[in-house]
Each structure stands twice: as structure tokens, then as C-alpha cells.
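Residues per chain are reported as follows:
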Amino acid sequence: MGRYIIRRLLYMVVVILVVSIITFGLMHAIPGGPFSREKALPAATLLILEERYHLNDPYWKQYVDYINNVLVPHITTTPPSTALADDCLVNVKIGKVWIRWMNFGPSFKSRSRTVNDIFRDNLPISAQLGTMALLVSVSIGMPLGIMAALKQNTIWDYIGMSISIIGVSVPVIVLGPIFVWVFGVALKWLPPTGWGAQPPYILGFLPSSLGWDFFKHAIMPSVALGLGASAIIARLTRASLLQTVREDYIRTARAKGLHERVVITRHALKNSLIPVVTILGPLFAALVTGTFVTELIFGIPGMGKYFVTSITNRDYPVIMGTILLYAVFLVIANLVVDIVYAYLDPRIRYD
Amino acid sequence: MSQVDQIAKPLGLGGIPTLKKRESLVKDGIRRLVKNRAAVLGFSIILLLILMAIFAPLIAIKSFDTQVLVDQNKVPTWILSLFPTMKPYAQISSAYPLGADYVGRDMFSRIVYGARISLTVAFIGPFISLIIGVIYGSISGYFGGRVDNIMMRIVDVLYAFPSLLFIILLLAFFRSSMSHLSPGSPAYLLSKFDESLGGMFFIFVGIGLTAWETMARLTRGQVLSIREKEFIEAAHTIGAPNLRIMFRHILPNILGPLVVAETLAIPGYIATEAFLSFIGLGVNPPTPSWGAMISEGANSIRSYPNQAIFPALALAITMFAFNFLGDGLRDALDPRLRGTQ
Numbered sequence: 001m002g003r004y005i006i007r008r009l010l011y012m013v014v015v016i017l018v019v020s021i022i023t024f025g026l027m028h029a030i031p032g033g034p035f036s037r038e039k040a041l042p043a044a045t046l047l048i049l050e051e052r053y054h055l056n057d058p059y060w061k062q063y064v065d066y067i068n069n070v071l072v073p074h075i076t077t078t079p080p081s082t083a084l085a086d087d088c089l090v091n092v093k094i095g096k097v098w099i100r101w102m103n104f105g106p107s108f109k110s111r112s113r114t115v116n117d118i119f120r121d122n123l124p125i126s127a128q129l130g131t132m133a134l135l136v137s138v139s140i141g142m143p144l145g146i147m148a149a150l151k152q153n154t155i156w157d158y159i160g161m162s163i164s165i166i167g168v169s170v171p172v173i174v175l176g177p178i179f180v181w182v183f184g185v186a187l188k189w190l191p192p193t194g195w196g197a198q199p200p201y202i203l204g205f206l207p208s209s210l211g212w213d214f215f216k217h218a219i220m221p222s223v224a225l226g227l228g229a230s231a232i233i234a235r236l237t238r239a240s241l242l243q244t245v246r247e248d249y250i251r252t253a254r255a256k257g258l259h260e261r262v263v264i265t266r267h268a269l270k271n272s273l274i275p276v277v278t279i280l281g282p283l284f285a286a287l288v289t290g291t292f293v294t295e296l297i298f299g300i301p302g303m304g305k306y307f308v309t310s311i312t313n314r315d316y317p318v319i320m321g322t323i324l325l326y327a328v329f330l331v332i333a334n335l336v337v338d339i340v341y342a343y344l345d346p347r348i349r350y351d
Numbered sequence: 001m002s003q004v005d006q007i008a009k010p011l012g013l014g015g016i017p018t019l020k021k022r023e024s025l026v027k028d029g030i031r032r033l034v035k036n037r038a039a040v041l042g043f044s045i046i047l048l049l050i051l052m053a054i055f056a057p058l059i060a061i062k063s064f065d066t067q068v069l070v071d072q073n074k075v076p077t078w079i080l081s082l083f084p085t086m087k088p089y090a091q092i093s094s095a096y097p098l099g100a101d102y103v104g105r106d107m108f109s110r111i112v113y114g115a116r117i118s119l120t121v122a123f124i125g126p127f128i129s130l131i132i133g134v135i136y137g138s139i140s141g142y143f144g145g146r147v148d149n150i151m152m153r154i155v156d157v158l159y160a161f162p163s164l165l166f167i168i169l170l171l172a173f174f175r176s177s178m179s180h181l182s183p184g185s186p187a188y189l190l191s192k193f194d195e196s197l198g199g200m201f202f203i204f205v206g207i208g209l210t211a212w213e214t215m216a217r218l219t220r221g222q223v224l225s226i227r228e229k230e231f232i233e234a235a236h237t238i239g240a241p242n243l244r245i246m247f248r249h250i251l252p253n254i255l256g257p258l259v260v261a262e263t264l265a266i267p268g269y270i271a272t273e274a275f276l277s278f279i280g281l282g283v284n285p286p287t288p289s290w291g292a293m294i295s296e297g298a299n300s301i302r303s304y305p306n307q308a309i310f311p312a313l314a315l316a317i318t319m320f321a322f323n324f325l326g327d328g329l330r331d332a333l334d335p336r337l338r339g340t341q
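Those sequence lines, one after another, are chains L and E. Residue numbering for the first sequence follows my numbering, starting at 1 and increasing by one per position. Residue numbering for the second sequence follows my numbering, starting at 1 and increasing by one per position.
Just so you know, nobody snuck in bad clues.
One-sided excerpt, in silico: chain E residues whose CB lies under 10 Å from chain L:
no. : residue
1   : I154
2   : F166
3   : L169
4   : R175
5   : S295
6   : A308
Rather than coming from a laboratory, the hints here were simulated on the basis of the structure. Just so it is clear, the structure is predicted and the values come from calculations on it, not from any experiment. Where is the CB? At the ideal position from N, CA and C, for every residue including glycine.
This is chain E alone, in the form it adopts within the complex:
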């Protein structure tokens, strides 16, 4: 960070976006982020969760899908003190740290492996919606006029779709139309790909296809605000092609708010996946997903509350962490909110 930059910024003299200045802005943001204790906590939890997901086979020694029917619904003793209503009928087994589920699978292993699904959604969901939304929004905002009008009307119409119902419809379409296909066709390959991912691929497609609209609107607004600036005009006069202006000159200048918005949207994606798994449209069993575990546990919530409440807590902690981080990022990067802190 050079001295000139520090002086120039508040005076509004640094109109030329040099690489150095951008770096210092990022550094500035990171410095503010590190000072925010909640954000650091969120970030640490996310790191832990990532490690847990990567090293799941080492942490969860028991298999997540081996059914030991004699151990159905067994719980360790400490759970009885947490849920005293279970005392009269609960069967004790210390082999399962969080108990066994209704077919005798280790809950702990399933929760550890479940982190893989939620975290993949947390990272791929924003990626898909960012790519579609940014491309769509920048084209719309950059060209303006009739193109903008038509493209934004399309987004308006899609907005009127109840998004969860749309995802359900799309998932039903993908899942069943891909089930009887001739081998070799592209659709067949897609469905094989989905199978190899345990059914996650179509969830991403479903989430991506409904989540980009917000991002497109935001991008368009940002592009509109920056399109008439002098440095864009300068780029035009030296004959830079449209694509170059869009992605080289405009995009880097609007990326901040987009990243913040996308980080804040992550808990929503996680909740959507959990919800889809909850209603049985999520990943293919026996791949564990927190949503599916909550749904299975909710069936026996009165007798075995641990089976629903532990995965629910795991889901809540993950969403907390992403919310903390997203909030911190917004405060650190979004200049409009500086000063309100």
C-alpha cells in the first residue's frame, strides 16, 4: 500500500484503477474483516466444516450406510440426560456417539458425511448463479434499450414463478426423463454424471436455474451505474471491443457487491438443498444429507428426538457460519454501509 494511494483515495484523486490500488482495496477489506470477531468465528467454523468434509473417512470411522438392525434407535447414556422423555424405553449402546438411526446406521458418521453435500451446494450454488446472472445482467445492462427491456421482462416473468415449485418441477423432469434413455446420448451422459455425484448435479442445476435472476438484476443495476463513466468512454474511443469492455473494464469494478450478495445468498442455497432432501427430491439415498436426516428423524420426533435435532443443529451451525461471514464481508466491502457501523 503506497502512501500516495492512501492520500489520494479520500481526496478522490485516484481515478485511474491501477492494479496496485485494487490490491490495497482488497487488503483494506480483509483488514476490516479480520477485526470483525463474528466474521472470523464464522470463517473458522466454515474451515472446520471443510476439513471435516474432506477428512470424513478419518473422522467417522463407522460406515454411514451399514445398517445394523439390532441397533435400531439405540442411544448412548448422555443423550438420555438431554432428552429425559426417552428414559422409559430407550435402548442403550455406547457404540454410537450420537445414537443410531431407525435402521441402525451411525448418526455421527451420517452427520459428518452430510457436511459434504451442504458444503458442495454452498460453493457450487453461488458459482452457477454468479456465472449465469453476471453474463445475463451485464449483457442486459450494457446494451440497454430494447435488449435490456426484453431481457428484464423475461426475468420478471421468471420471478413470478414460485421458485421452490419450479425447482421441484425441474427435478421431476430431469430425474424421470433421464431414467429411460438410450446410452450414448448427451442426456444419458448427464444422468450418469448425476448418478456418479449421488444425485447432486441436478440439484445444482435446479438451484442455479432459479437463483440467477436476483444476481442478473443486481448486475444490471451495477452495470447501468458504471456504463456512462469516463473510463468506459475512453475504452470505447480507443476501439476496445464490447466483450473486452464488459469483462475487463466493467466487471472488476462491480464484482465487490456481487460477491457480497452471493455470500449472503449461500445460507439460502444450503436451506434449499436441505429442503429438497427433506421432501425426498434431494440426493440419492443412502448418501447422507442433513435435510433427509431431519425428515427421517421428524417421523419419530416424539420417541427419538435426537434423530431429528442433531442434524438440524448441524444445519443451523453451518448456516450461522455463512451468515456471520457474509455479514462481515458486506460490512468490510460494501462502501455504502461504511459509517453505519
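Chain L extracted, bound-state conformation:
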């Protein structure tokens, strides 16, 4: 297992490198640079700017420098300075040496900020929203699917499956405005915009207090975002559980006189969860990328706006940073899924 994980981690690095090459190539292939304006800057100014951000280096050098700054840990004796070009996400001091890692570079658009600043300020909010949405989708989807499967072909089954078909048919751009109007404007139950959590965050992203202040802002966006995913989980849980309860070992468990509740929870449910777990990885990734529509609709100050604006502004470090970040999310989510998979189904061995 340990060997398998190491191999997967190495493979992950390869994937991230390929993603970064494709993104780098594509982004430089888009005509216009970060400093192109309607009214062109004087040639001398442009030259200085390009010099400063090393944009006049050959492409391969820019790429190698970037990867060097982001992926390779640097060991120095100089303490970190406050210079924008020197902003690392990870600074560890061991004795007299500093290990510094993940310098994503400055943002070209907002000159006083770095990509790491964006990660520190805005990413935790997106992560909170994504996690809440995942919780919503699991806590609605699984019970719905289990209910539908256990009461197959009854009214409960039909209700459950109708709810789930509604869920997959209303994307967040449909549900968002409706929620805002119904609960935010007409009924005035919840604030239509904004976000309740403020830094500092526990573990980098968990809000320090989980009070009503947090939830009153979080309920609408996380339900709007999570409902579609909950429908997928419900259908998958139902299909998988229906298949599992037909297995021979379930009959055996019943035959040896186990209580029905034990048969379902201990034997059927655990085994039927395997396909559900496999989809959680991609689903979480979809939720996290989905956060940015949700953030636009509900006015949440997360990473959302940077996706689109960084590309239209040709803000190269921000484009690279956001895409790499999400690629890492995806790959790690899939790795975690594979490990949980092995735990749930001991027959699966990775060597």
C-alpha cells in the first residue's frame, strides 16, 4: 500500500507538470500580454515592466523558473523578506536554515498582491463553501438513496427519485437567483449576499466560530451548489444498494438470523458505498470549481472572480496558480478516493 501511494504521488507530479505545460503554452498563445492596453504604454515603460517580471526571457526559461519557484523547495539562510517577489506559501525554519517552498509569484493586475495573497485571503472561503456543499450533498443524497432502495417501487422510492431528478435539473445558476429572491428578498429569512467567516481560520480554512453568523450566509449557497450533487449521490446509492441486497452474502446474513437493521447497516450499506465513494472525488472537484458561479451569484468573496478575470487580464501567474491549484485538488481527491476504496473493499489490493 505504501509503495502504491508513493507511485501515485510521483505520477501526480507528472500530471501536474503536464497540466502546467499545457496551461503555460495555451496562455502564452493567447495574443495580447498583461500590459497591453487600449492606449498602448510607451515602449520604454513596457520594456521595464517586462524586464521586471522576466517576460522578455525565452519561454522555456520563464517556464523553468516558474516551476523552480513553485515546486522545488529552496533552502537558504536568509530569512523571508516582505518583498512581493519573495512571498512563499511555506516558510519553515529549522535551526538557522529556512526551507521555503511554493512561491507562486506576483499578480500582474493588482500590483500590491501576490498569488499567495489571493490564496490566503480568498481560497479559504471557497474551500468552506465547497466543503459545506459536499456535506449538504452527502447528507441529503445518501439518506434519499437508501430510502428509495429499501422501499423500492413504493411511493417513497418515487418521491426520492423525483426529488433527485429535480436536483440534477436545476444547476446553480437556476437555483441561485430563485433562492436569493425567495429567501433573501421576499421572505427576508437569510441575507442574500455576503459571507460570514473571517480570518484567522483554523487549519488554514475552517472558520473560527461556527455560529449562526456563519450559517446564515452559508446555507443558501451551499444548498444551491450541493443539491445537484446530492441527486447524483442519491441515484448512485439507490442503484448500488439495490444490487448489493441481491447478493448471496446478504441472504446468508439473513439466514443466520441477523437482525434486519444489522444486515442493512453492517453488510449491505458498507459494500454498497464503494461506487458512491468513487464518485465523491470527482464530485468534490466539481463542487470546488462550481463554487465560482455560486460566488458570483451570492456575492461571496472567494476565488471565483479570479478564474475569469485572470484569463481576460492575461495575469499569467494568477492563471497558472489557479489552474494548478485546482488540478492538485482533483488529483489528491482521486488519490484519497482510491485509498478509501481499498479500506472499504479489502479485495482490492494495489501492488
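Since the structure of chain L is provided, determine the placement of chain E on it from the hints.
Leaving out everything else, chain E in the frame of chain L:
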């Protein structure tokens, strides 16, 4: 449907895929589909939407892009009873059945014409992803070994791309790199073609380029499961070329699950287009798209909820219909799920 077929099928004797039998399988599927009320409802809604899109100029008498500035945000009276918060300030005009938008365009006409975009995506998106995915997946699965390994690793890497971000990047690339081109080059022709379609072409390319991966994986799996069957071996022994075996012998046998998967993916394509239009990367204005309308309406959701909620409902109904139909198709055609119903 001959009697022999009906008896032979359950007994597993009908190993030779004759044309007649395939027809009866399709008929069988259609019969099951027609019995599924939700699927029939979905299918009827889709038919209505198609008719609405084709005859849009006859249904929507008002122009979808004429701005009547004096009629900005006007609503008919019935909307006030639906959205009572608008009563104090709303201006009434019965000329617009669903109200006028923020520059005084008829919402009803825009929603009717918006169906054209969503439906085109609903039919062309699967087409592109099916073609790329099936070709890629069958080559990978059929040849196996190292070819398979390399091709599937490529898909794995592309899977790690956040697909929406990839589409945005691609669209930015297409749109801006095509804007200053010398006339006559192929890229220039492509951009003219895109313009003539109101900006839809590059959306298809963007969706197609990201959506084929799932289809490729599915196709590969299906091909692998069928590659070692006797009738394929028989085809090999009589010297059939690879291409013929792939497209004449394997493809017809795996098409069912692929079509089902693709139908179920349609709502996703519709949502992607709506989303792209929502963030302003969709079709070129003033061509109406539901996503763009929701986005414009969302800006004034507190004062004029009708401007966001009606296009949102149109989008939701369309996605419902395709989901119902896709579900029904899967139950009717996918043999693995028979019996779970």
C-alpha cells in the same frame, strides 16, 4: 419480430447478430420507453421546444433585440401578483407578456429565441463528444497494450484539468487569437464561421474538447469487453481489416450504452453553455441565451426578479425534459438495469 427470435433470446441461442434481431431489440427498447410516462413527457417537452426554436419568428412576434428604452423593466400586471415585492415601484405595460428587460427588450421573445442556443448545444455537443470519444476509445481498446496505455494516460492527464477552466482558457484563446487575422487563412475562415453562428461554434469546440474524455473511457471499456468474443475472432480469421472490424462488428454492439450515456450527458452540456453565457463567454450579444439572460437578470434580482427567474425556469424545464428522456432511455436500453425496476 419473428417468433424464433423471441424464443431464442432468453435461451441464449441467438448468437448471430442478424439485422432482423437488431431491429427487434430497438423495437423492444422503444416499446419499453413508450410505457415510461416520465420519458414520454420529457420527449414531448423536447419536441415542443424544438418546434418553438424552429418557429421562433412566428411565436415571438416582437423582436428580441429592439431596445425600447422607455419600456425599461416594465411588467404586465399578472407578474405583480407573482412577485408582490415589486408593487411599489413597478411600471405596468401589457405589451410584454413576461415583461421587458433592463434595456426594454421583450423577455418573451428572448426566451423563445434562447431555446435555439440551448437546443443546438443539446444536439451538437453529444455529437462532437461521441465522435471524438468513440474513435479515440475504440482505437485504444482495440489495439490494447502500449497504445492503450499511452492513450489512456493522456486521458488521465486531461481529466486532471478542471474542465470549466480549460473551456474558459480555450474560449479566450479562440476568441482573441482569431480577432486579428489576415483574411483567407483557415483560422480566419473559422472565426468568420463562428461569427455567422453568433459565436456558437467555439462553444461547441470548447465543450467537445473537454467532454470526449468520459466517452473515450466508456468506449474503451466496452470494446475491451467485446474484443475477445468469438465473432470478432471469426472476423479476424476471414481477414477483415481492423477498421472494418472496429466499425462494422464492434461499434454496433456497443452503441447502446454509449447513446444512453450521451443522452444523460446532454443536461450537462446545456448547463455548461448557460454557465459560459452567464460569465460572458457565451454567444455574442445580442443573440439571446438563457444563461446570459439569467446573468443580466441576477444583477437586478432584488428589484426585478422576473428578469432572472423566467429564463431560469426555461433552462430548468429543458434540463428536466432531457433528464427524463435520458433516464427512460437508460431503463429501456441498458440491460444491466433491467430487473432493478
